[in-house]
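Following the hints, complete the assembly by docking chain W onto the known chain Y.
Number of protein chains: 2
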Amino acid sequence: MDVSLILTEMGQKARRAAYDLALASSDIKNKARRAMAAELRAHTNEIIEANRFDVTEAENDGLSKAMIQRLTLDEKQIEGMAKGIEEVAALPDPIGRTVSGHISPEGLEITQVRVPLGVIGVIYESRPNVTADTAALYLKSGNAVILRGGSEAVNSNRIIAKVLTEAALSVGLPDGCIQLLDLNGREFTTALMELEELDVIIPRGGLGLKAAVREHCKVPYIMTGDGVCHIYFAPSADPEMCVPIAVNAKCQKPSACNAVETLLFHEKCAPKLIPAVCTALEAHGVELRGDKKACELFDMMPATEEDWGTEYLDLVVSIKIVSSLNEALAHIAKYGTHHSESIITRDYAEAERFLDSVDAAAVYVNASTRFTDGGVFGLGAEVGISTQKLHARGPMGIEQLTSTKFRVRGSGQVRR
Amino acid sequence: MDVSLILTEMGQKARRAAYDLALASSDIKNKARRAMAAELRAHTNEIIEANRFDVTEAENDGLSKAMIQRLTLDEKQIEGMAKGIEEVAALPDPIGRTVSGHISPEGLEITQVRVPLGVIGVIYESRPNVTADTAALYLKSGNAVILRGGSEAVNSNRIIAKVLTEAALSVGLPDGCIQLLDLNGREFTTALMELEELDVIIPRGGLGLKAAVREHCKVPYIMTGDGVCHIYFAPSADPEMCVPIAVNAKCQKPSACNAVETLLFHEKCAPKLIPAVCTALEAHGVELRGDKKACELFDMMPATEEDWGTEYLDLVVSIKIVSSLNEALAHIAKYGTHHSESIITRDYAEAERFLDSVDAAAVYVNASTRFTDGGVFGLGAEVGISTQKLHARGPMGIEQLTSTKFRVRGSGQVRR
Numbered sequence: 001m002d003v004s005l006i007l008t009e010m011g012q013k014a015r016r017a018a019y020d021l022a023l024a025s026s027d028i029k030n031k032a033r034r035a036m037a038a039e040l041r042a043h044t045n046e047i048i049e050a051n052r053f054d055v056t057e058a059e060n061d062g063l064s065k066a067m068i069q070r071l072t073l074d075e076k077q078i079e080g081m082a083k084g085i086e087e088v089a090a091l092p093d094p095i096g097r098t099v100s101g102h103i104s105p106e107g108l109e110i111t112q113v114r115v116p117l118g119v120i121g122v123i124y125e126s127r128p129n130v131t132a133d134t135a136a137l138y139l140k141s142g143n144a145v146i147l148r149g150g151s152e153a154v155n156s157n158r159i160i161a162k163v164l165t166e167a168a169l170s171v172g173l174p175d176g177c178i179q180l181l182d183l184n185g186r187e188f189t190t191a192l193m194e195l196e197e198l199d200v201i202i203p204r205g206g207l208g209l210k211a212a213v214r215e216h217c218k219v220p221y222i223m224t225g226d227g228v229c230h231i232y233f234a235p236s237a238d239p240e241m242c243v244p245i246a247v248n249a250k251c252q253k254p255s256a257c258n259a260v261e262t263l264l265f266h267e268k269c270a271p272k273l274i275p276a277v278c279t280a281l282e283a284h285g286v287e288l289r290g291d292k293k294a295c296e297l298f299d300m301m302p303a304t305e306e307d308w309g310t311e312y313l314d315l316v317v318s319i320k321i322v323s324s325l326n327e328a329l330a331h332i333a334k335y336g337t338h339h340s341e342s343i344i345t346r347d348y349a350e351a352e353r354f355l356d357s358v359d360a361a362a363v364y365v366n367a368s369t370r371f372t373d374g375g376v377f378g379l380g381a382e383v384g385i386s387t388q389k390l391h392a393r394g395p396m397g398i399e400q401l402t403s404t405k406f407r408v409r410g411s412g413q414v415r416r
Numbered sequence: 001m002d003v004s005l006i007l008t009e010m011g012q013k014a015r016r017a018a019y020d021l022a023l024a025s026s027d028i029k030n031k032a033r034r035a036m037a038a039e040l041r042a043h044t045n046e047i048i049e050a051n052r053f054d055v056t057e058a059e060n061d062g063l064s065k066a067m068i069q070r071l072t073l074d075e076k077q078i079e080g081m082a083k084g085i086e087e088v089a090a091l092p093d094p095i096g097r098t099v100s101g102h103i104s105p106e107g108l109e110i111t112q113v114r115v116p117l118g119v120i121g122v123i124y125e126s127r128p129n130v131t132a133d134t135a136a137l138y139l140k141s142g143n144a145v146i147l148r149g150g151s152e153a154v155n156s157n158r159i160i161a162k163v164l165t166e167a168a169l170s171v172g173l174p175d176g177c178i179q180l181l182d183l184n185g186r187e188f189t190t191a192l193m194e195l196e197e198l199d200v201i202i203p204r205g206g207l208g209l210k211a212a213v214r215e216h217c218k219v220p221y222i223m224t225g226d227g228v229c230h231i232y233f234a235p236s237a238d239p240e241m242c243v244p245i246a247v248n249a250k251c252q253k254p255s256a257c258n259a260v261e262t263l264l265f266h267e268k269c270a271p272k273l274i275p276a277v278c279t280a281l282e283a284h285g286v287e288l289r290g291d292k293k294a295c296e297l298f299d300m301m302p303a304t305e306e307d308w309g310t311e312y313l314d315l316v317v318s319i320k321i322v323s324s325l326n327e328a329l330a331h332i333a334k335y336g337t338h339h340s341e342s343i344i345t346r347d348y349a350e351a352e353r354f355l356d357s358v359d360a361a362a363v364y365v366n367a368s369t370r371f372t373d374g375g376v377f378g379l380g381a382e383v384g385i386s387t388q389k390l391h392a393r394g395p396m397g398i399e400q401l402t403s404t405k406f407r408v409r410g411s412g413q414v415r416r
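Those sequence lines, one after another, are chains Y and W.
Per our numbering, the very first residue in the first sequence carries number 1; after that it's consecutive.
Per our numbering, the very first residue in the second sequence carries number 1; after that it's consecutive.
For reference, chain Y alone in the conformation it holds in the complex:
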């Protein structure tokens, strides 16, 4: 099997589809999404049957209970996928919107308008509902997608992609607007990363996937969701806020990238705050790992150098005591991933300094880091949280899946 030939054919098919998709009206795209939702519902039993096959395989392969839970689809989740697609249909279409415009001194009418990115490769892990979410969102912004899901979900992804594709074609969207790369084997994933027909690759997964993207990608990529997030408790922190914010940021959804991983306490407030915060976290089942000084104030495991750079994505937190705002800022600059950082303080100048100095997608004063999210930030449904500075930073909505072009209408102008 010629891997690169297969990928090139997929890429060219996607590129032809992208050309037509860029010209598709909002009406047709919304009709496609309604058809996609209806067809998902109509094929619920078929999808569950295919999913059972994946789940049985996963059990035989000894995958963890958590992994199997993420993999398993039931009627409720398929209804959720359908509802999700309908909600995307209700969002405003970003394509064709005028971003800016003016008449040049020569009389040229120059407008900058939103256009799709083109062909997007999305590589994701495990959860098969991502297949439906991604297809709907990326199609909304006029892009053709090549989806690469996890090998353990291949049967579920295959039937979902088939149902969605047939629905899209039935209303007249071009063949190739949604394609699933469903051949298992790492060489296919690598070949997708090397595919020059793509306009951008968006990886949604762990550090291994990201390292592979950095190594193999020949087109631009957008890194999302690395979150070693911090909360710094300043000397003037309102004690009433500290426990609720720490507990919320760590425990409300520990697997989220905007959950906190490290708590920094100023040495002045540490003796009072650490016992209160740590007691509450322990009551929520959180494992604590502290530096030397923190261990003196509360009974916990000693943290190692590795802890400061680790995104636990679990009920584990590291705790460090610092002697100044500068030390906190330096720690965040060294170990943070530029995602979400928060300061708890009553000091105005300190709050402003933190907002100015921290180089991250979202910088907070007196709030949980858990708010970094497309919905909260006013961008609508979210396709990921970018931790890079180019193109999009922070939550990415459908507008962040677009580019622009300049349209210039003249009447014979030449440049002097």
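You may find that some hints are simply not true.
[As the list claims (entries may be wrong)] Derived lysine-lysine pairs resembling DSBU-like cross-links, with alpha carbons at most 35 Å apart:
#1 Y:K13 <-> W:K268
#2 W:K334 <-> Y:K31
#3 W:K218 <-> Y:K210
#4 Y:K218 <-> W:K334
#5 Y:K218 <-> Y:K13
#6 Y:K210 <-> W:K334
#7 W:K334 <-> Y:K162
#8 Y:K218 <-> W:K210
#9 Y:K334 <-> W:K210
#10 Y:K293 <-> W:K13
#11 Y:K253 <-> W:K218
#12 Y:K210 <-> W:K13
Think of the hints as simulated: they come from the structure by calculation, not from any bench.
Same frame as chain Y, but now just chain W:
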């Protein structure tokens, strides 16, 4: 000499400078630019002396006359560099500007504000005045720069960078805000591309440089200035416009990336238009290369397959006859570089179809492609023309050298 150690030290120095620069006020940055302009003027003789050394070397090495002309600096050009820097000082500072903002239902005040990209690596060829332009523009948007100029201009670049750096430091900007990588040897250029301390690399040069960036870069890059631009003359093209636009797009500045390289004529208007356009172009010294049908209408060299993908950057043009708008669109999609494309037509539907269908940074109706420019498009001084879709597309002004961050001001909010 440990190449990667030298680069890492430069990178870390730039990163520290970027941290301070991000917090520098507009006042200080403008003061720095005024000092830079003044110091350039004050060191005119020194700069000319260093430049003479480069020019003599280049002559001994047998560089082309055109190359030597690009390399040579005189008093007028140094005054031009100083004036350019002063003009940049007069532009509004993009940093800190609020892009959007709202109050969330939970009462969080969320604002998205412009911040610098951080540390930018700029690799450019030959012309030493780029050193001054780049330093001024990148500093305006709060970025630290590592500059890598051509080896043939190293003495000129060294003195210019020294003068600019001293001026910047004299008003209190951080050491490391402008650094020149002035050690000759390709291994240094490669090491700069591999430097992980950079936030972005912007190459400004030919295809060889761009291929090297694609191969070596470990950080995001912005490709600029590939311009295989087309003009399509439709059957209804206004004959009065055709000659002036073709001559302007090809001859006004053939070395510019927005100059036209291929003229496409519909077969219906070709018999009348080709003799007129070709006669005018020949009178301006343009070498013509046509497909078979074009050669039948006017005496010119036959074009080869290679011609259609070539950016001549010179007084050469390729000419092809097509039988439909679709064929013109397909040719542009196949050979174009997504830069600037124009249609000459009196047909409304055809004009709209061209504007919609062509996938390029700038799409024109009835105008010369030469207008694609930061100034004309309302973006101010330009640092290049992006031909990619991510981050910035088309002319890049200082705003395109920035990113954003979200500032979130709360009063104890936690996520429900």
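Results of checking the hints against the structure:
1. Restraint check: the Cα-Cα separation between K13 (chain Y) and K268 (chain W) comes to about 33 Å, which is no more than 35 Å; the hinted pair holds.
2. For the hint linking K334 (chain W) to K31 (chain Y), the alpha-carbon distance of about 31 Å falls within 35 Å, and the restraint holds.
3. With a CA separation close to 12 Å, the supplied pair K218 (chain W) and K210 (chain Y) stays within the 35 Å bound.
4. Restraint check for K218 (chain Y) and K334 (chain W): the C-alpha separation of about 19 Å stays at or below 35 Å, so the hint holds.
5. Using a Cα cut-off of 35 Å, the hinted pair K218 (chain Y) and K13 (chain Y) holds, with the two alpha carbons roughly 19 Å apart.
6. Pair hint K210 (chain Y) plus K334 (chain W) holds up; C-alpha atoms about 32 Å apart against a cutoff of 35 Å.
7. For the hint pairing K334 (chain W) with K162 (chain Y), the CA-to-CA distance comes to about 30 Å; that is within 35 Å, so the pair holds.
8. With a C-alpha separation of about 12 Å, the suggested pairing of K218 (chain Y) with K210 (chain W) holds against the 35 Å cut-off.
9. For the proposed pair K334 (chain Y) and K210 (chain W), the alpha carbon gap of about 32 Å is at most 35 Å, so the pair holds.
10. Of the supplied pair hints, the one linking K293 (chain Y) and K13 (chain W) holds, its CA atoms being roughly 32 Å apart against a limit of 35 Å.
11. Straight-line distance between C-alpha atoms of K253 (chain Y) and K218 (chain W) comes to about 32 Å, which keeps the hinted pair within the 35 Å bound.
12. Proposed proximity of K210 (chain Y) and K13 (chain W) is supported: the alpha carbons are some 27 Å apart, at most 35 Å.
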